[in-house]
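Undergrad: Each chain, written out:
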Amino acid sequence: MLNRISTFLYRRPKLVLALLLLPPLLWFVVVYLGALLTMLINSFFYLDGFTGKVVPEFTLRTYAKLFETTNLQIFGRTTLMAALVTLACVAIAFPLSYYIARFASPRLKTWLYLAVTIPLWSSYVVRVYSWKLILAQEGIVSWFARLVRLDGVLGWYLGLPAVGGPSLSVSATGVFLVFVYIWLPYMIIPIQTALERVPKSLIEASGDLGANSAQTFRNVILPLAFPGVVAGSIFTFSLTLGDFIVPSLFGNSSFYIGKAVLAYQGTSGNIPLAAAFTMGPIVIMVVYLLIARKLGAFDAL
Amino acid sequence: MLSKKKSQPPGERASWGLKLGSLAALLFLHVPIWLIFLYSFTTDESAYTFPPPSLTLKWIPQAIANPAMQEALMLSLRVAALATVMALILGTLGAAAVYRYDFFGKEAISFFLILPLALPGIVTGIAIRSAINLMQIPFSFWTIVIGHATFSVVTVYNNVLARFRRTSGTMVEASMDLGANSFQTFWHIVLPNISTALLAGAILAFSLSFDEVIVTTFTAGQQQTLPIWIFGQMLKPRNRPITNVTAMLVVLITALPILLAQRLTARSSDTEGEKS
Chain S
26 MLNRISTFLY RRPKLVLALL LLPPLLWFVV VYLGALLTML INSFFYLDGF
76 TGKVVPEFTL RTYAKLFETT NLQIFGRTTL MAALVTLACV AIAFPLSYYI
126 ARFASPRLKT WLYLAVTIPL WSSYVVRVYS WKLILAQEGI VSWFARLVRL
176 DGVLGWYLGL PAVGGPSLSV SATGVFLVFV YIWLPYMIIP IQTALERVPK
226 SLIEASGDLG ANSAQTFRNV ILPLAFPGVV AGSIFTFSLT LGDFIVPSLF
276 GNSSFYIGKA VLAYQGTSGN IPLAAAFTMG PIVIMVVYLL IARKLGAFDA
326 L
Chain A
42 MLSKKKSQPP GERASWGLKL GSLAALLFLH VPIWLIFLYS FTTDESAYTF
92 PPPSLTLKWI PQAIANPAMQ EALMLSLRVA ALATVMALIL GTLGAAAVYR
142 YDFFGKEAIS FFLILPLALP GIVTGIAIRS AINLMQIPFS FWTIVIGHAT
192 FSVVTVYNNV LARFRRTSGT MVEASMDLGA NSFQTFWHIV LPNISTALLA
242 GAILAFSLSF DEVIVTTFTA GQQQTLPIWI FGQMLKPRNR PITNVTAMLV
292 VLITALPILL AQRLTARSSD TEGEKS
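Same order as they appear, the protein sequences are chains S and A.
Read in order, the letters of the first sequence correspond to residues 26 to 326 in the working numbering.
Read in order, the letters of the second sequence correspond to residues 42 to 317 in the working numbering.
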């Protein structure tokens, strides 16, 4: 019996292909694309302010709301945060990636690779939680500031308008630090991959032709590592845009895209506005990906 | 680096600045996790005082016995187990199709499968949430599983496809030539070959689901998975010692399988290196 089915299937590769491909394809088309589509449709509906019910009629008025000043500020603030986080991640990740790719012995390399991937895969919420402990008023940062007699500087910094707050764990600086911490591994790995691909012969040739190490770094290594930086920035940028956990735990009352989406769909039940809001990061990311593609980032993934 | 005028020999040593920078980045990645372990033993109940006034072991049994924590943990484990099974089935089928056959749109499949992970979490979350809303499906265990399975498929798919590409097709042909039917060949040749890739993919899918909080927020309704429970504890700290210990347990539960998955994939690439 099984033999017969087997022969039957063997003679019909197209049927086998269909049987293999159908379940995953069906799942993704129905569940995922279907969901994305309903989100798109929902964003053209609107919430009736009186009844509090979603009105399923085609309208652009939900999208018009996105262009109100407060909402534009949310987009601006989130994009700025994502950009700053990305830059900081590059600055911190590059030396480590460079060291792993060029100087670490194979044995050390394995260990360092694990040291980067374990935080990447370990629990996101718990890693965020650890910064609650660190940034708390009575936590390790304040303790350290007192130890080196810089608590005055910390106090002065927290008094600054845009970046400060009652304590580090309730400030834009706190949000920034936690984002950098959480997404850093996503930057290290692509940069390291790109650096590993720089041929040794190229570096030697540069030296033979009279360049010193700084020149070699600037003119040979950096341009070749750049696609890796862009690849990493796709993650850090996109993940920051869509996160609501960190701003709700560490931020002050100012909204970020993710926090706004959560608030609109949750407390006010305004799914159309939440859906329209979500189109923001999608558009930003599509533009970003198109630029990244131009810069050759997809080869470094 | 600037002061070195001579051209660099191939075995050049790293500068002190570079070493320090690398060390600082590593510490930045790991010290926070160590702190979680330290705080699990602090006697301070109402704040996050550093250094801890004194250390104690008493929170560990209390945390493990905490009913709310247990309930959240059980829900997370059940969701992750089911999402993993679905990811295994869908991911393996997809990988087999992409590996064995040429068809229109083949290149798009990988891109398509990684989308739920690559797009910001709120996109997947709000998308599924609006579908649930539109179809008026009540929130349940299943709505969480559907979301998790969707973004977990790609881990299994990637691992299995990579393994398919490394194993040679001659074994399968030999098996068929010797008279085995497709099912026997699958059972005796293909499955043993991809078993560690399946296990690695399953572990990654499991931990991805076990940790997920953003998509879950939109698909869970009133239910609390463990990450959502921890998130709630952070928003309104009610029981700090219990949360500290739970955080430590989660690190242990997720880190150990990840180490295992790393070994599984690393070892198979080692043997690959010997073959070629």
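A portion of the hints provided could be inaccurate.
As the list claims (entries may be wrong) - A partial selection of chain A residues facing chain S, derived with a Cβ cut-off under 7 Å:
(1) Glu86
(2) Tyr89
(3) Leu96
(4) Phe224
(5) Val254
(6) Leu301
Unchecked claim - Straight-line Cα separation of at most 30 Å, DSSO-like style, residue types lysine-lysine; simulated pairs:
(7) Lys277(A) with Lys99(A)
(8) Lys134(S) with Lys225(S)
(9) Lys147(A) with Lys39(S)
(10) Lys60(A) with Lys225(S)
(11) Lys134(S) with Lys60(A)
(12) Lys78(S) with Lys90(S)
(13) Lys319(S) with Lys147(A)
(14) Lys225(S) with Lys319(S)
Claimed, not checked - Not the full set, but computed from the structure, chain S residues with beta-carbon under 8 Å of chain A:
(15) Trp52
(16) Val56
(17) Ala60
(18) Asp73
(19) Trp136
(20) Thr142
(21) Lys157
(22) Ala161
(23) Ala288
(24) Ser293
(25) Thr303
Hints listed in this document are in silico derivations from the structure and should not be mistaken for laboratory results.
Since the structure is predicted, the reported quantities are computational estimates derived from the model, not experimental observations.
For every residue, glycine included, the Cβ atom is placed at its ideal position computed from N, Cα and C.
Undergrad: Please verify whether Lys134(S) and Lys225(S) have alpha carbons no more than 30 Å apart.
TA: It holds: about 17 Å lies between the C-alpha atoms, which stays within 30 Å.
Undergrad: Does the CB of Phe224(A) sit less than 7 Å away from some CB of chain S?
TA: At about 5 Å, which falls below the 7 Å cut-off, the nearest Cβ of chain S leaves the hint on Phe224(A) intact, so it holds.
Undergrad: Checking hints one by one. Is Glu86(A) an interface residue toward chain S, by the C-beta closer than 7 Å rule?
TA: Check failed: Cβ of Glu86(A) comes no nearer than 13 Å to chain S, outside 7 Å.
Undergrad: Holds or violated: is the Cβ of Ala161(S) closer than 8 Å to a Cβ in chain A?
TA: holds, 4 Å
Undergrad: Are Lys147(A) and Lys39(S) close enough, with their CA atoms no more than 30 Å apart?
TA: holds, 14 Å
Undergrad: Would you check whether Trp52(S) satisfies its interface hint, that is, whether its CB is within less than 8 Å of any CB in chain A?
TA: Since chain A brings a Cβ to about 6 Å from Trp52(S), closer than 8 Å, the hint holds.
Undergrad: Can the restraint linking Lys78(S) and Lys90(S) be considered satisfied, given a maximum Cα separation of 30 Å?
TA: holds, 17 Å
Undergrad: For the pair supplied as a hint, Lys134(S) and Lys60(A), confirm whether the alpha-carbon distance does not exceed 30 Å.
TA: The hint holds at about 14 Å.
Undergrad: For the hint on Leu301(A), just tell me whether its beta-carbon gets within less than 7 Å of chain S.
TA: Result: violated, 11 Å to nearest chain S Cβ.
Undergrad: Is the shortest C-beta separation between Thr142(S) and chain A less than 8 Å?
TA: holds, 7 Å
Undergrad: Checking hints one by one. Is Trp136(S) an interface residue toward chain A, by the C-beta closer than 8 Å rule?
TA: Violated, because the Cβ-Cβ distance from Trp136(S) to chain A comes to roughly 10 Å (cut-off 8 Å).
Undergrad: Going by Cβ atoms only, is Lys157(S) closer than 8 Å to chain A?
TA: holds, 6 Å
Of the numbered hints stated above, those contradicted by the structure are hints 1, 3, 6, 18, 19, 23 and 24, listed in ascending order.
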